[in-house]
Amino acid sequence: MKTILLSILFLGVAFASQEWINDFEEGKKIAKQKNLPLLVMYSTQGCPECQYMKKKVFKDKQIETKMSNDFVLVALDIHKDKLPFDFFGIPTFYFTKPDGTLIDKKVGGSREKDFLAKLNEIKK
Amino acid sequence: MKALTLFALFCVVLYGFNPADIQKLKSSDDCQFCDLSGAKLEGDFTKSSFNGANLSGADLRNGSFRAADFSDADLSGANCEGVELKGANFTGSNLENANLQKASIWATKFNGSNMTNTNLSNAGGAYAIFYDIDLTKSILNDTILWNAVFEKTKLTQPQKEYATKEEAIFK
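So the sequence lines, in the order shown, correspond to chains A and D. All residue numbers for the first sequence refer to the working numbering, where the first residue is 1 and numbers rise by one. All residue numbers for the second sequence refer to the working numbering, where the first residue is 125 and numbers rise by one.
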């Protein structure tokens, strides 16, 4: 019983923790395997809006769970990584089909409720 | 020539700004002490200098002013709704009655600015710096203030409670 409970707890933690991939092509492979949409975030160091999103908004329990369970997450640095989409500013969030086809984008930082609404709009 | 002079006069009378200063802004990133009062500014003004400029009543809504320098500028009554002002410097500026609703003021610096009746509703202001300012008459409805710094700044009790809830930093 104890083992089962620990396993459930472990799975809960594992699903809730966000795993970001730094390669769009790699992200697409995983998205196809899991049949999940991709959430691609463009950011860079020293971007205050990006820090707000990472340290505040993504820590929201509902958002954390939604992102981890319903999306394959790709984080790309605008100065270091190959960028698959046009650059509109940072942060920009691109939502794609599992094959990488762009569905929608969201530019800039936002409140938890707005970001969650966008996630729910993409993956109901 | 007469038509051009009349047009210039028309601009000055109707809008107040100096057309020569508009040209100066278009040709360089430097518009220090320019008269842009009532002007409608459109385009990318990233890192431009408006130091000491008169932007009273100006419409900045179709411009992007990331990391621009507005130190000692007069922006009283200016319309900056939804404008990109990330990392801009408003040291010593006059923002009385300015509209900064939904503006992007992430890490923007307000130092000794006049912010009487400045509307910051729904603005994104994480990491913004407020130093030596009286904010008691400004509007902070749903302004993002996470990690914003308030130092030597006057706030009403409800504003202080709101900023605390937003996880602002008080020095």
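Everything labelled a hint here was simulated from the structure, so no lab data went into it. Here a beta-carbon is modelled for each residue, glycine too, at the ideal position from N, C-alpha and C. Do not rely on the hints blindly, as some may be mistaken.
What the hints assert, rightly or not - Across the chosen pairs, the derived CB separations fall in these ranges: (1) ASN120/A to ASP154/D: 23 to 31 Å; (2) LEU102/A to ASN186/D: 20 to 28 Å; (3) SER151/D to GLU64/A: 48 to 56 Å; (4) PHE294/D to ASP81/A: 31 to 39 Å; (5) SER245/D to GLY89/A: 17 to 25 Å.
Hint-by-hint comparison with the structure:
{"no.": "1", "hint": "ASN120/A to ASP154/D: 23 to 31 Å", "verdict": "violated (46 Å)"}
{"no.": "2", "hint": "LEU102/A to ASN186/D: 20 to 28 Å", "verdict": "holds (26 Å)"}
{"no.": "3", "hint": "SER151/D to GLU64/A: 48 to 56 Å", "verdict": "holds (49 Å)"}
{"no.": "4", "hint": "PHE294/D to ASP81/A: 31 to 39 Å", "verdict": "holds (38 Å)"}
{"no.": "5", "hint": "SER245/D to GLY89/A: 17 to 25 Å", "verdict": "holds (22 Å)"}
Checked against the numbered hints listed earlier, the structure breaks hint 1 alone; every other hint is satisfied.
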